[in-house]
Amino acid sequence: MFQNVLSSIENVGLLPSITFLFFFGFFIVMVFFVLRMDKKSVKKMSEIPLDEPHSMNP
Amino acid sequence: MELERFEYDNKIVRKFLIATILWGTVGMLVGLLIALQLVFPQLNFGIPILTYSHLRALHTNAVIFAFVGNGMFMGVYYSLQRVLKARMYSNFLSQVHFWGWQLIIVCAAITIPLGYITSKEYAELEWPIDILIALIWVVFGINMFGTIIKRRERHIFVAVWFYIATVVTVAMLHIVNSLEMPVSFLKSYSVYAGVQDALVQWWYGHNAVAFFLTTPYLGLMYYFMPKAANRPVYSYRLSIIHFWSLIFLYIWAGPHHLLYTALPDWAQSLGTVFSIMLIAPSWGGMVNGLLTLRGAWDKVREDPVLKFMVVAVTAYGMATLEGPLLSLKNVNAISHFTNWTIAHVHVGALGWNGFLTFGILYWIIPKLWGTTLYSKKLANTHFWIGTLGIIFYAVPMYWAGWMEASMAKQFDADGYLKYQNWLEIVTQIMPMYVTRAVGGSIYLAGVVIMIYNLWKTAGKGKFIGDEAAEAAPLTREYTPSPGMHWHHAIERTPVRFALVAFVLVAIGGIVEMVPTFMIKSNIPTISSVKPYTPLELEGRDLYIREGCNTCHSQMVRPFRSETERYGEYSKAGEFVYDHPFLWGSKRTGPDLAREGGKYPNAWQYNHLMDPRTMSPGSIMPMYPWLGENKLDLSLTKKKISVMRELGVPYAKGYESQAEGDLKNQAAGIAKDLNDNGVPVNGDEEIIALIAYLQRLGVDIKQASTVSK
Numbered sequence: 016m017f018q019n020v021l022s023s024i025e026n027v028g029l030l031p032s033i034t035f036l037f038f039f040g041f042f043i044v045m046v047f048f049v050l051r052m053d054k055k056s057v058k059k060m061s062e063i064p065l066d067e068p069h070s071m072n073p
Numbered sequence: 228m229e230l231e232r233f234e235y236d237n238k239i240v241r242k243f244l245i246a247t248i249l250w251g252t253v254g255m256l257v258g259l260l261i262a263l264q265l266v267f268p269q270l271n272f273g274i275p276i277l278t279y280s281h282l283r284a285l286h287t288n289a290v291i292f293a294f295v296g297n298g299m300f301m302g303v304y305y306s307l308q309r310v311l312k313a314r315m316y317s318n319f320l321s322q323v324h325f326w327g328w329q330l331i332i333v334c335a336a337i338t339i340p341l342g343y344i345t346s347k348e349y350a351e352l353e354w355p356i357d358i359l360i361a362l363i364w365v366v367f368g369i370n371m372f373g374t375i376i377k378r379r380e381r382h383i384f385v386a387v388w389f390y391i392a393t394v395v396t397v398a399m400l401h402i403v404n405s406l407e408m409p410v411s412f413l414k415s416y417s418v419y420a421g422v423q424d425a426l427v428q429w430w431y432g433h434n435a436v437a438f439f440l441t442t443p444y445l446g447l448m449y450y451f452m453p454k455a456a457n458r459p460v461y462s463y464r465l466s467i468i469h470f471w472s473l474i475f476l477y478i479w480a481g482p483h484h485l486l487y488t489a490l491p492d493w494a495q496s497l498g499t500v501f502s503i504m505l506i507a508p509s510w511g512g513m514v515n516g517l518l519t520l521r522g523a524w525d526k527v528r529e530d531p532v533l534k535f536m537v538v539a540v541t542a543y544g545m546a547t548l549e550g551p552l553l554s555l556k557n558v559n560a561i562s563h564f565t566n567w568t569i570a571h572v573h574v575g576a577l578g579w580n581g582f583l584t585f586g587i588l589y590w591i592i593p594k595l596w597g598t599t600l601y602s603k604k605l606a607n608t609h610f611w612i613g614t615l616g617i618i619f620y621a622v623p624m625y626w627a628g629w630m631e632a633s634m635a636k637q638f639d640a641d642g643y644l645k646y647q648n649w650l651e652i653v654t655q656i657m658p659m660y661v662t663r664a665v666g667g668s669i670y671l672a673g674v675v676i677m678i679y680n681l682w683k684t685a686g687k688g689k690f691i692g693d694e695a696a697e698a699a700p701l702t703r704e705y706t707p708s709p710g711m712h713w714h715h716a717i718e719r720t721p722v723r724f725a726l727v728a729f730v731l732v733a734i735g736g737i738v739e740m741v742p743t744f745m746i747k748s749n750i751p752t753i754s755s756v757k758p759y760t761p762l763e764l765e766g767r768d769l770y771i772r773e774g775c776n777t778c779h780s781q782m783v784r785p786f787r788s789e790t791e792r793y794g795e796y797s798k799a800g801e802f803v804y805d806h807p808f809l810w811g812s813k814r815t816g817p818d819l820a821r822e823g824g825k826y827p828n829a830w831q832y833n834h835l836m837d838p839r840t841m842s843p844g845s846i847m848p849m850y851p852w853l854g855e856n857k858l859d860l861s862l863t864k865k866k867i868s869v870m871r872e873l874g875v876p877y878a879k880g881y882e883s884q885a886e887g888d889l890k891n892q893a894a895g896i897a898k899d900l901n902d903n904g905v906p907v908n909g910d911e912e913i914i915a916l917i918a919y920l921q922r923l924g925v926d927i928k929q930a931s932t933v934s935k
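In order, the protein sequence lines correspond to chains L and R.
To get the working numbering, take the position in the first sequence, counting from 1, and add 15.
To get the working numbering, take the position in the second sequence, counting from 1, and add 227.
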């Protein structure tokens, strides 16, 4: 059924390249934003596992 | 702000903890037994369910889903509650998850040795158990997302991201790869055939490693390493990059399990490219883990927990560098089908998963029982014994892999294969099999020491079932800190986060699979390739039941050394009626793709009954029960009609004729066997298996005769 629909796509070989570009773009944007993250909040986030002052046990 | 009081559920953590240790020991014992069977084939004691080809899948499933699975749940249930400052969403769901998962393990431990298997690696379980897995997995998912939603900590810590990706991706992989058409309660056929089935299977198989053995354990690393070292992770920014790149890249790498096979070339190349790119996030993660210990390396000398974790993360780094290198076609040409792969996966399983689990156990048990470790000295002993075990396991397997490949590919001066007889290779690597079994025993001895130490530790403390804690609830108003809007948008809403993760992992699968499924030119048909006869089909199901594909591939790669040894290389069009595909992934014995007509029926019969009568020195198990059991014909008709529904061109109404055809063909083989002095009636299982073996590769041989 969907076989016929999709087999009619032209230049299906471009798919991998498009996906690579998609990822590369995604990666660059992510790195850009990660570098811009606020230093204080990053520090706070990274200390979450160590922040257990309210456990009632010794 | 008023603090809310609540309790962490430690009882569920303890349950998973006990299951981890129990199934881990069982899984390793089964591994040791089958390792010894490669040296002494008689160690199956003539019992089908104790035979190598039946137990190998039990070993892999036990270690992956029972040992690492329970270990993952133990760590997740402990850390999730604490980083989110909330008790698990529902005690009831926690219990359903625990007991449901143990039920799945017990079902697997019964059905796999009995041969109720699909043949697809790490997805061997039959369809009713597949459905149960899906249901229990959803329970786990609801329990996790429920906890995330009622959390008291605004930011969702990076470890939880890894858990979310695990839940989402494993669900997707499991469902897509397990699509099968039932024939009976414990028998089904994969809806995919041949090359497509192989692609789906290794998309699943590779990502079972990625999203069952890696991402959840990375989450555990990001929580437990900072806890054990008592300092935050080296770079939280790096952990964000690590997460997103890793989950996006991993999903693409599956086809590197199928290099030089009949899979279309572009898909193979795609697998290689993404595998190489994977080095970056993997090593980013490893470096992040190791550098967490910056300035605390003196502690590593003292603390066995950190020792285990350092070796675990190092093993992760080694395995994730080796993996991409094995994905290069020129390296894969050597490594594939050999014990090199076995060495590679055990560096991951024994080093990364095993040692991280042990480190967490040594850390978590004193916490749960409110005490200190019984003996640091014994833990250190375990560490050294375990490390030694890994070395004694891995080194001989690497050596064996290189030797197998170089012997199999060697030609003499006249251009003939130097080692024509496969047994010459097998007998050469026997010492390595022995050393490997020794390595496994050493590793297991370490586990026994650990169990004693942990037992004593628990004994001197008192278990804290519900650990009281308090934290402020989340407020409705919230202003994100500058520069954080973008990530908060996805990360603060777990459902949206899961959706983004799902889209990322789905893309890779879709791009690889859609063209292979949809474009006919990717799998050129071969007119001489015909569907199996009913007898051959029954024989094929016996081949699956007995697990022959565990040690024998059906995939001749296009190398001169392989076409010389086996015959024409395998083509995609040969497998269009193969539900499921049976290419195999390891050649403990020779390839069988061109087995048909190579030996007389009598040779096959004697070889199956006792391989050493035909091939002295062979390490193949004996299958005498095949000569005694009567072939079950009750499902033959159903099998034919299910195959037709899946697209195999059996004529309409062929079912009514199938049994007659089957008996005729069986009578022919039985007569030939009788003429050659083998007393058979013709209704034994072995007749069907011989029929199948004699069919392998015959269609393609006919095609080349015709064209000549």
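Take the hints with a grain of salt, since some may be wrong.
[What the hints assert, rightly or not] Straight-line Cα separation of at most 30 Å, DSS-like style, residue types lysine-lysine; simulated pairs:
1) R:K757 with R:K898
2) L:K59 with R:K757
3) R:K594 with L:K58
4) R:K898 with L:K55
5) L:K59 with R:K526
6) L:K55 with R:K526
What the hints contain is simulated information worked out from the structure, not anything from laboratory work.
So, going through the hints one by one against the coordinates:
1. R:K757 with R:K898: holds, 25 Å
2. L:K59 with R:K757: Measuring from Cα to Cα gives roughly 65 Å; hence the hint is violated.
3. R:K594 with L:K58: holds, 26 Å
4. R:K898 with L:K55: violated, 84 Å
5. L:K59 with R:K526: Holds - the C-alpha atoms of R:K526 and L:K59 are around 24 Å apart, at most 30 Å.
6. L:K55 with R:K526: holds, 28 Å
Violated hints, listed in ascending order, are 2 and 4; each of the other numbered hints is respected by the structure.
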